[in-house]
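For the protein sequence lines, the chains are A and B, in the order given.
Just so we're aligned, residue 1 is where the first sequence starts under this note's numbering, counting upward by one.
Just so we're aligned, residue 1 is where the second sequence starts under this note's numbering, counting upward by one.
Do not rely on the hints blindly, as some may be mistaken.
[Claimed, not checked] If you want the ones that stay clear, here's a sample from chain A, every Cβ over 12 angstroms from chain B, calculated: (1) 83; (2) 92; (3) 129; (4) 152.
[To be verified] Covered stretches of chain B (chain A as the covering partner; in silico rule of three or more C-beta atoms under 8 angstroms from a C-beta of chain A): (5) 41 to 49; (6) 102 to 112; (7) 178 to 186.
Hints were generated in silico from the structure; no laboratory data involved.
Even for Gly, the Cβ is constructed at its ideal location relative to N, Cα and C.
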Amino acid sequence: MTDRWFDDAAGPVVRPYAMTRGRTRSSSDEARLDLIALVIAESPDGEGEAKPDENGNGNGQGDGGSSAFPADSRSHDDADVHADSSLAPEHVDIVISCRRAPQSVAELAAELDLPVGVVRVLIGDLIDADWVRVSRPVPPADLPDESILREVIDGLRAL
Amino acid sequence: MAFGRFKRGATASPAEPVTLKILVAGGFGVGKTTLVGAVSEIKPLRTEETLTEAGRPVDDTAGVEAKSTTTVAMDFGRITINEGLVLYLFGTPGQDRFWFLWDELAQGALGAVVLVDTRRLEDSFAGIDYFERRGIPFTVAVNHFDGADVYPAESVREALDLDAEVPIMVCDARRRESVRDVLVSVVEHALRRATLAQQNEPHPAPAR
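Could you build all of it, start to finish, from the sequences and the hints given here?
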């Protein structure tokens, strides 16, 4: 038994970097995506930020029967991603996940169970194709200002 | 439903939360993941980075046959401070040989926790050295293990040769309140740093 590998022990069926067609670097000219950079879904149909009459809810968080959306709006929204034949299933997963709520690069990697390097490449593709954009975390050079630090302290104390 | 979000329609762009990170370093088995799990609102997630040996900075492998891949795991958790502020905690990979991954993790980090087991103090040296050299504010948290001798924090400070400004405290990485206090100490330390830096910077000495 010990000389055989079964199931997960045998490793992934598809080697991770096969999903990126062997690329290890993102094509996007964004700097390396930080692990805590938030990936945010662009609004469907290139309508820009959410329309004012839709509660400004541009990130696909309108589930739970928000009256501004028809009940089937979610599945309709995701149909456009599924229809894009240039996207791999993992691309589609990322877009759909980010439409529910913005996700950090680390969270996406954990959720998809893929190495961070692979997820970065996939996100780069999606940025190029305008499916998602990325919010920069606080720029590394200057630490967050004092008011943010105080806010964090207060928030932690309230835990 | 989206209570409290209606205001967003008024502003041009919806506020995107600011994300911050605190690193948790320490030797293997010292309780980094336990600490993250004690305060995280999600079960600690694991993210992995596949590295080829050729990708390492010290690269003297000429032939492809010498390449091998290594998977380095990082556990992390999340604390939503409020709608506009999310704090991530990252356990750093334990093995010293992956120090170069720390560089990426450490970039933009608000601060760090070095978790210490008094039975294996030397395991924490790498983390302490690293954060001292990079000027990243950190708190030393002595994880109290059942059955281990309890040393006063100050004697641990002496043993670790810590600067006076570095906070040190005894904690229980399994207890939420205890870990919360450690994190508060890290951010307070960062705040003191920030305040000092500001006092020294924008006030050129008045010319007389």
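Here is what the structure says about each hint:
1. 83: Non-interface label stands for residue 83/A: nearest chain B Cβ at 26 angstroms, farther than 12 angstroms.
2. 92: 20 angstroms, holds
3. 129: About 20 angstroms separates residue 129/A from the closest Cβ of chain B, which puts it past 12 angstroms; holds.
4. 152: 5 angstroms, violated
5. 41 to 49: holds (count 5)
6. 102 to 112: As far as the stretch 102 to 112 of chain B goes, the hint holds, because 5 residues have Cβ atoms under 8 angstroms from chain A.
7. 178 to 186: holds (count 3)
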